[in-house]
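**Student:** Whole structure, please, built from the sequences with the hints as guidance.
Residues per chain are reported as follows:
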Amino acid sequence: MKEFTCIICPNGCHVTIDDNGNITGNGCPRGLAYVKQESTHPLRTVTSTCKVVGSNKCRVVPCKTETAIPKERIFDCMKEIKKVEVKLPIKLHQILIEDVCETGVNVIATKGIE
Amino acid sequence: MENIELAIIGGGSAGLAAAISAYDNGVKNIVIFEREDRLGGILNQCIHNGFGLHTFKEELTGPEYAARFIDEFNKRGIEAKLNTLVLSLSKEKILTYSNSKEGVTQVKAQSVIFAAGCNERTRGQILIPGNRPKGVFTAGLAQKYLNIEGYLVGKNIYILGSGDIGLIMARRMTLEGCKVIGVSELMPYSNGLNRNIVQCLQDYNIPLKLHNTVTRIFGKDKLEAIEICDVDDKLRPIKGHEEIIKCDCLLLSVGLYPFNVLLNQAGVEVNMKTKGSAVDQNLETSIDGVFSCGNVLHVHDLVDFVSEEGTLAGKNASVYIKNPDRKISCIVNVNSGNNLGYVLPNRIRVTDDLKEVTFSFRVRKPIKKGTIYIKDGDAIIKKQFKSFLIPSEMEHVVLKDVDFKTFTELTVSVEETI
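Heads up: the protein sequence lines correspond to chains A and B, in order. The opening residue of the first sequence carries number 1 in my numbering; numbering runs sequentially from there. The opening residue of the second sequence carries number 1001 in my numbering; numbering runs sequentially from there.
Simulated from the structure, these hints should not be mistaken for laboratory data. Where is the CB? At the ideal position from N, CA and C, for every residue including glycine. Do not rely on the hints blindly, as some may be mistaken.
Across the chosen pairs, the derived CB separations fall in these ranges [said to hold, decoys possible]:
hint, chain 1, residue 1, chain 2, residue 2, range
1, A, C28, B, K1028, 47 to 55 Å
2, A, N22, B, I1331, 53 to 61 Å
3, A, G112, B, Q1384, 39 to 47 Å
**Tutor:** In structure tokens:
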């Protein structure tokens, strides 16, 4: 049996899923869908910063995975983000890492810096 | 002295929305005064996602959300004075500001919108006893150092307060390779959004201790350890429940309050509950033509509502500039009743064209099932059922299709349904 706190609305239903996959405790269908996703294949968007080199104006640029990636790959993704060194100018949504950790998802800049 | 139509103090989410809205409503001579070297305010350091779900129907990071408004702002060619600090504001709407190009300068504005955001409560304000070593930061300051300056402020982190900034920083520091030992929350419930409890703490197995607080700080030069302790129902530490935790960094996420100093100095009436200004339904303060919006008015949890308030303030400032001598038929005061932390607006200035008023409020404690009441004396004007009210989420209730002229004094309250 696994327990989840639903994050869809402020109620925060305590939802349980038993060994046969029966879901109980959800107050609405949206909670059911959330717990199905969370229990089988949890996904997260990773946001962080990448190192900027060759500028005395700024040291870092914020970045994110373009879409959510599997939760268990978060720390692998962070390792790759820490390796990046990027020069100015940076365009908003410029790709910083292509297909990070073979997830099929790019890491992109979330701020343009001239 | 130069004359301008509209002065906006603060170039963050509230100020940008206010400027755009005032411009689109016909005011062209606008200046934003911003003390930082860039527009966007606190959004610049909030690099996590989840912003803009209401406004743009998609999840943006803080800098992305800010960029959308900055683009619109720049398209209109509105002037922003960066690295500029407003030193004072007078009742006559004369602003004294200073920057390295102009020195100390004065400007007279027909209308002023105050959008200066909020401050974090510090260690001094919650009186944690013990030494004063380095390594104790407010969570937002640590966030600025990390996300904008690129400096990590510690390795073994403890967090006091479960507000959203604290939770976001717990995850952020963990991703950067720090050990986040735990989070203490004085109240018996978390002050953060469920989403952040799950995705920032539970995802990384960071323990959250409810009804617990930091009672001592140890270390001569650098922070070496803290003492945490359970508290009783009256929030007093319980003897024998102390625990020593070794750490080199303590982050405080213990509340925000409006940065309302300039308006206080100008003699604007203060709302003692929010510590921001008292305003009417147009967000106008007790000084005619001076408006307040965003976190300097009351601390928000969603930036979308900050932008909405900015937009409203901008529009109303434009109405004021075009016609400063409005005819007000009567003033109806608004009070916060049972279970409410506060309610805005504080008064309604009834004009002939007034159609509806939106009230914003927070409850003082979590309420599973409740009824929102708007009463005029004992008479119930509006009654609305609402489930799952919590202090960390601001609520709104709209009053329309009523004759505001007939009211004497309104009270907004929430009654618990058992």
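**Student:** Do the Cβ positions of N22(A) and I1331(B) conform to the proposed distance bound of 53 to 61 Å?
**Tutor:** 59 Å, holds
**Student:** Hint says 39 to 47 Å; check whether the CB-CB distance for G112(A) and Q1384(B) agrees.
**Tutor:** 44 Å, holds
**Student:** Quick check on a hinted range of 47 to 55 Å for C28(A) and K1028(B), using CB atoms only.
**Tutor:** Holds - the Cβ-Cβ distance for C28(A) and K1028(B), about 48 Å, lies within 47 to 55 Å.
Consistency note: the structure conflicts with none of the earlier hints.
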